[in-house]
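What follows is each chain in one-letter form.
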Amino acid sequence: METPVHKAPFHKVRVKTMMPPGHIRTPAYLRGKVGVIERPLGEFGNPELLAYGHQGPKKPLYRVRFTMAEVWGPGAETPTDTLDAEIFEHWLEPVE
Amino acid sequence: MPHDHHDHDHFHHDGMSPSGHPYRADNDTPLTYWQTMEIAVREILIEKGITTPEEIARQIDEMDARSPANGAAVVARAWVDPAFKTRLLDDASAASAEMGFDIGGLRLIAVENTDEVHNMIVCTLCSCYPRNLLGLPPDWYKTRAYRSRAVKEPRKVLEEFGVTIPDQVKIRVHDSTADMRYIVLPARPAGTGSMGEAELARLVTRDSMIGTGLPKTP
Numbered sequence: 001m002e003t004p005v006h007k008a009p010f011h012k013v014r015v016k017t018m019m020p021p022g023h024i025r026t027p028a029y030l031r032g033k034v035g036v037i038e039r040p041l042g043e044f045g046n047p048e049l050l051a052y053g054h055q056g057p058k059k060p061l062y063r064v065r066f067t068m069a070e071v072w073g074p075g076a077e078t079p080t081d082t083l084d085a086e087i088f089e090h091w092l093e094p095v096e
Numbered sequence: 001m002p003h004d005h006h007d008h009d010h011f012h013h014d015g016m017s018p019s020g021h022p023y024r025a026d027n028d029t030p031l032t033y034w035q036t037m038e039i040a041v042r043e044i045l046i047e048k049g050i051t052t053p054e055e056i057a058r059q060i061d062e063m064d065a066r067s068p069a070n071g072a073a074v075v076a077r078a079w080v081d082p083a084f085k086t087r088l089l090d091d092a093s094a095a096s097a098e099m100g101f102d103i104g105g106l107r108l109i110a111v112e113n114t115d116e117v118h119n120m121i122v123c124t125l126c127s128c129y130p131r132n133l134l135g136l137p138p139d140w141y142k143t144r145a146y147r148s149r150a151v152k153e154p155r156k157v158l159e160e161f162g163v164t165i166p167d168q169v170k171i172r173v174h175d176s177t178a179d180m181r182y183i184v185l186p187a188r189p190a191g192t193g194s195m196g197e198a199e200l201a202r203l204v205t206r207d208s209m210i211g212t213g214l215p216k217t218p
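Protein chains in written order, with full-length UniProt numbering: chain Y, 1 to 96; chain B, 1 to 218.
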């Protein structure tokens with residue numbers, strides 16, 4: 001049983017580091033990175049199934065905000081600039 | 001960043017006519033697997049009466065008819081009508097539909113440029129773009145160079161577009177990774193107080209709604 005991700009804005013989440021094959025809409029450059037929920041977006045069809053003609057249950061989608069410092073480390077162009085991306089809930093884990 | 005006049009940059013690929021005008025080589029190479037697949041599926045759908053060539057042509061026409069003028073009209077309305085702006089930032093799909101722009105299944109988010117924040121849109125995974133409001137994306141938007149650099153060095157990319165963002169203004173890059181599409185609501189240029197909505201819309205460029213440009217000044 002997976003730990004449910006906190007859904008409210010400003011909650012810290014980490015993008016899972018898994019690297020499964022297939023049609024994945026979680027960019028590799030964000031895997032393992034910690035961000036905060038910017039807003040929940042509702043539930044959407046799971047692209048990992050839809051890409052292969054399967055339906056399956058809809059999945060909650062979130063906008064997650066990362067700092068450039070978190071994404072690029074010391075190489076960040078401007079560490080306090082930010083990046084928002086849409087990440088499905090099953091790709092997020094809570095950060096204590 | 002390169003702009004979208006590729007056919008005039010690549011003489012060495014495409015050759016030059018005797019009069020010195022560059023031309024594109026004939027596309028008489030064999031079809032790729034996916035081109036063959038597209039033709040096969042299209043022919044089957046037509047044979048089975050599910051669609052018609054006219055319907056396909058009409059759809060292509062509709063796609064080509066969409067232009068950044070649609071987005072510009074939405075931006076200009078937001079500049080003159082504070083209540084509309086509030087609705088746009090709250091639900092850009094509904095606000096655009098209110099103006100008669102068919103958003104289809106698209107979920108649109110408008111992000112506002114202010115004195116503190118400059119927004120910029122990219123799709124690192126492919127070419128997600130608010131086509132219903134801006135038409136087809138420019139070629140550079142789909143290049144690996146823009147897609148990889150916009151998230152890594154947005155300020156440098158903006159400099160190449162001729163846009164310098166002061167250090168105290170935060171850059172907020174939006175990677176359209178899933179079901180949302182984004183449009184930047186640029187800040188209304190100074191000195192436009194007396195201008196009407198239609199006149200304002202002409203200041204709104206495509207790039208200003210992607211975040212790689214700023215609106216024109218009067």
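Because the hints were derived from the structure by calculation, they are not lab data.
Backbone N, C-alpha and C fix where the C-beta goes; we use that ideal spot for every residue, glycine too.
Careful, some of the hints might be misleading.
[Stated by the list, open to error] Simulated pairs of lysine to aspartate or glutamate, EDC-like, Cα-Cα distance not exceeding 20 Å:
(1) LYS12/Y with GLU96/Y
(2) LYS7/Y with ASP64/B
(3) LYS85/B with ASP64/B
(4) LYS59/Y with GLU112/B
(5) LYS216/B with ASP179/B
(6) LYS7/Y with GLU96/Y
(7) LYS58/Y with ASP115/B
(8) LYS58/Y with GLU96/Y
(9) LYS170/B with GLU43/Y
(10) LYS170/B with GLU96/Y
(11) LYS58/Y with GLU77/Y
(12) LYS156/B with GLU96/Y
(13) LYS156/B with ASP167/B
(14) LYS33/Y with ASP167/B
(15) LYS170/B with GLU70/Y
(16) LYS48/B with ASP64/B
(17) LYS156/B with GLU43/Y
(18) LYS152/B with GLU43/Y
(19) LYS142/B with GLU116/B
(20) LYS142/B with GLU55/B
(21) LYS59/Y with GLU89/Y
(22) LYS142/B with ASP115/B
(23) LYS170/B with GLU160/B
(24) LYS156/B with GLU116/B
(25) LYS7/Y with ASP179/B
(26) LYS12/Y with GLU48/Y
(27) LYS16/Y with GLU77/Y
(28) LYS170/B with GLU159/B
(29) LYS59/Y with GLU43/Y
(30) LYS85/B with GLU197/B
(31) LYS156/B with GLU197/B
(32) LYS85/B with GLU98/B
(33) LYS59/Y with GLU96/Y
(34) LYS170/B with GLU116/B
(35) LYS152/B with GLU93/Y
(36) LYS7/Y with GLU77/Y
[What the hints assert, rightly or not] Sample of chain B residues with no beta-carbon within 10 Å of chain Y, all distances over it, derived:
(37) ILE44
(38) THR124
(39) PRO154
(40) ALA178
Worksheet item: Which numbered hints does this structure break?
Response: 2, 3, 4, 5, 7, 8, 9, 10, 11, 12, 14, 16, 17, 18, 19, 20, 22, 26, 27, 31, 33, 35, 36, 38, 39 and 40
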